[in-house]
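Single-letter residue listing:
There are 2 protein chains.
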Amino acid sequence: MYMFKIKAISKKSKARIGQLKTSHGIVESPFFLPIATQAAVRNLTPEELKIMRAQIILSNTYHLFLRPGIKVIEKSGDLHKFMNWTGPILTDSGGYQVFSLAKARKIKPGGVKFKSEIDGKEFFLTPQKAIKIQQALGSDIMMALDVLVGYPYTYKEAEGATRLTLRWAKKCKEEQLKSKRVKQLLFGIVQGGVYKDLRHWCAEELTRMDFDGYAIGGLTVGEPVQKAFAIIRFLTNYLPINKPRYLMGAGKPEQIVRAVKYGIDMFDCVLPTRHGRHGDLFIWKTRPADFFKKRKFYEILHITNAKFKDDVRPLDSRCSCYACQNFSRSYLHHLFRTHEPLALRLATIHNLSFYLDLMKEIKKAIKNGYL
Amino acid sequence: MYMFKIKAISKKSKARIGQLKTSHGIVESPFFLPIATQAAVRNLTPEELKIMRAQIILSNTYHLFLRPGIKVIEKSGDLHKFMNWTGPILTDSGGYQVFSLAKARKIKPGGVKFKSEIDGKEFFLTPQKAIKIQQALGSDIMMALDVLVGYPYTYKEAEGATRLTLRWAKKCKEEQLKSKRVKQLLFGIVQGGVYKDLRHWCAEELTRMDFDGYAIGGLTVGEPVQKAFAIIRFLTNYLPINKPRYLMGAGKPEQIVRAVKYGIDMFDCVLPTRHGRHGDLFIWKTRPADFFKKRKFYEILHITNAKFKDDVRPLDSRCSCYACQNFSRSYLHHLFRTHEPLALRLATIHNLSFYLDLMKEIKKAIKNGYL
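Each protein sequence line maps, in turn, to chains A and B.
Reading the first sequence from the start, the letters are residues 1 to 371 in the working numbering.
Reading the second sequence from the start, the letters are residues 1001 to 1371 in the working numbering.
Incorrect hints may have been included.
As the list claims (entries may be wrong) - Computed cross-link-like contacts, BS3-like style, restricted to lysine-lysine with a CA-CA straight-line distance of at most 25 angstroms: (1) A:309 <-> B:1121; (2) B:1121 <-> A:121; (3) B:1129 <-> A:309; (4) B:1309 <-> A:71; (5) B:1309 <-> A:309; (6) A:75 <-> B:1307; (7) A:309 <-> B:1307; (8) B:1075 <-> A:307.
To be verified - Each pair of labels, with its calculated beta carbon distance range: (9) A:339 <-> B:1019: 35 to 45 angstroms; (10) B:1051 <-> A:339: 23 to 33 angstroms; (11) A:157 <-> B:1299: 51 to 61 angstroms; (12) A:302 <-> B:1051: 43 to 53 angstroms; (13) B:1209 <-> A:302: 30 to 40 angstroms; (14) B:1339 <-> A:13: 22 to 32 angstroms; (15) B:1318 <-> A:9: 47 to 57 angstroms; (16) A:325 <-> B:1369: 40 to 50 angstroms; (17) A:286 <-> B:1005: 26 to 36 angstroms; (18) B:1051 <-> A:156: 29 to 39 angstroms.
These aren't lab readings, by the way, just hints derived from the structure by calculation.
Quick caveat: nothing in here was measured; it's all calculated off a predicted structure.
Every residue gets a Cβ at the ideal spot worked out from N, C-alpha and C, and that includes glycine.
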């Protein structure tokens, strides 16, 4: 039985089309993961995600661990049942959130000590615990606990974080192998900052541990974009060809296209939902099948701009999402101006649909030899 | 062709079942109007309103007149097209909002002068203008512009307001008759405070003007509930039996039941949506068909209460709304605690469904001779 199957490889680039088998169904790659931080994609129901053909979502272990707590979720069965999402779920390990949100964070060789930003309660998160929590959540893809360094960082700091990331990755793998539960995939995370030798080292060591997939972490945290893409391009040479590759937390539509060309299969990003909440809408500038020809295949429409007050056209005439099929720019402008919560919802539906459509068009372009 | 047809009258009370014909379809009475103040029922799409079988909605002339303005709505066609709601719409005249929201409000014999609470711009709203605005909105039911007095009020104040309400009602009726547009119904509003003689006088004068329906305004503004219901009970004796009767801005479920018994056909209230936003859910305590036997046929469940943290039961096992069919109390509790906007949406869906179901059960009870 395959876990990840490559269905097509581009003739023009390292882009590939694949199928990732999970306990809750097959996901066609390259794919985008809408973010459901608190066990809900902000403003949306699971039903709406299905209508826009979201295949898989990402949820945040750190947030759910603190609130409502794993015991509450287990009372419902698992995270799928708790939030009533029947498709696959990827959970991060909590490492990134401990790094960016928690108070009094202190990294020790065995794990990370931190205080909850909600109530100040103290926790010690170990690699083993990160796996146990994700097992309790019942996600389809678990992430190993990694160590991040804040940008800017020295080589020495990046090296230390990479070394600890590798040590913890091994512990996570061992913990996964102990379980007799339904098969949950486990991905290792490549760290190493902007240093190619550290990235190379990390990739090779993780590959040796034989994870189900490999993520690239610690990028788009402040370093120049060109440096990030140099790392991605370099790194995909050292990640197993027959395993899925996940670029964490990125990015803009043109960056996703670029990373796909470098051989990345999985993406998540707050951009579509966050932009939506601010009234910034992704609009196709060209029929998406042509986007490989133009760098600027989309534009961002600021719907709160006065010029849209009586613009009765749909948000995007090329988009078939619920918002575009039912409402005008004029109406959405009005909803934003009057702070009606429906505004956020329609904008989120549209922007996520844009990202999911983008992935469909990317697949089409790979198949047709355009990308 | 009938405009309002009585289909059944209770043997036990003055409750009746009717059909109200509007330009956008027939509405079965007694009915409840969800409130779409800014051309949107807060948090919900028109599609969701249809799923929960909302027959007709109420929108607020005052708000839409100020923002986005009538010209913007006319650019889309009318209010139906602007907000993409294909069912009937009732619009209020703006009188109540001028009274409660506008700044520097001054009532003159010809109309009311006020400043917009948004930008301080000055307006003079006349009865004629109130009709013209509602004609431009294209609502199915227009309301005459009335004059309100704040509670507590003296007899003299109530009398003055009633006199002006009658004068303005006449102007509204004349303005309506001038129009060659698609038939829009026009309702007169009975004022008179808690004084039976004023109410009686107002009802008889309005009846003489032959409106398409009659509303009871100026109640539940602070006066004792018993006084309000004494007025309602008294007043329905003096309103034409063959025209719909609308109790504006009320009320609690048991109050709706009571008013139906007194012969009221139409209701609107912020309670289900506002309670929903605060996490207060209407829960059936008894199979609704039995509610006529018990005064307390429902309870209010405060979902943010800690005891619901791991309560995996549906919000209300007797309810078939989208929220109850798909999510647990535990999940909704979590959404409220983490301030996820989906919480407000699910609670609004549930509470509005409760109110709409209540109206269905009321009709059933009238038909079966229980109410």
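Hint by hint, here is what the structure shows:
no.	hint	in the structure
1	A:309 <-> B:1121	19 angstroms, holds
2	B:1121 <-> A:121	52 angstroms, violated
3	B:1129 <-> A:309	23 angstroms, holds
4	B:1309 <-> A:71	10 angstroms, holds
5	B:1309 <-> A:309	43 angstroms, violated
6	A:75 <-> B:1307	14 angstroms, holds
7	A:309 <-> B:1307	46 angstroms, violated
8	B:1075 <-> A:307	14 angstroms, holds
9	A:339 <-> B:1019: 35 to 45 angstroms	37 angstroms, holds
10	B:1051 <-> A:339: 23 to 33 angstroms	25 angstroms, holds
11	A:157 <-> B:1299: 51 to 61 angstroms	58 angstroms, holds
12	A:302 <-> B:1051: 43 to 53 angstroms	32 angstroms, violated
13	B:1209 <-> A:302: 30 to 40 angstroms	49 angstroms, violated
14	B:1339 <-> A:13: 22 to 32 angstroms	42 angstroms, violated
15	B:1318 <-> A:9: 47 to 57 angstroms	56 angstroms, holds
16	A:325 <-> B:1369: 40 to 50 angstroms	46 angstroms, holds
17	A:286 <-> B:1005: 26 to 36 angstroms	56 angstroms, violated
18	B:1051 <-> A:156: 29 to 39 angstroms	59 angstroms, violated
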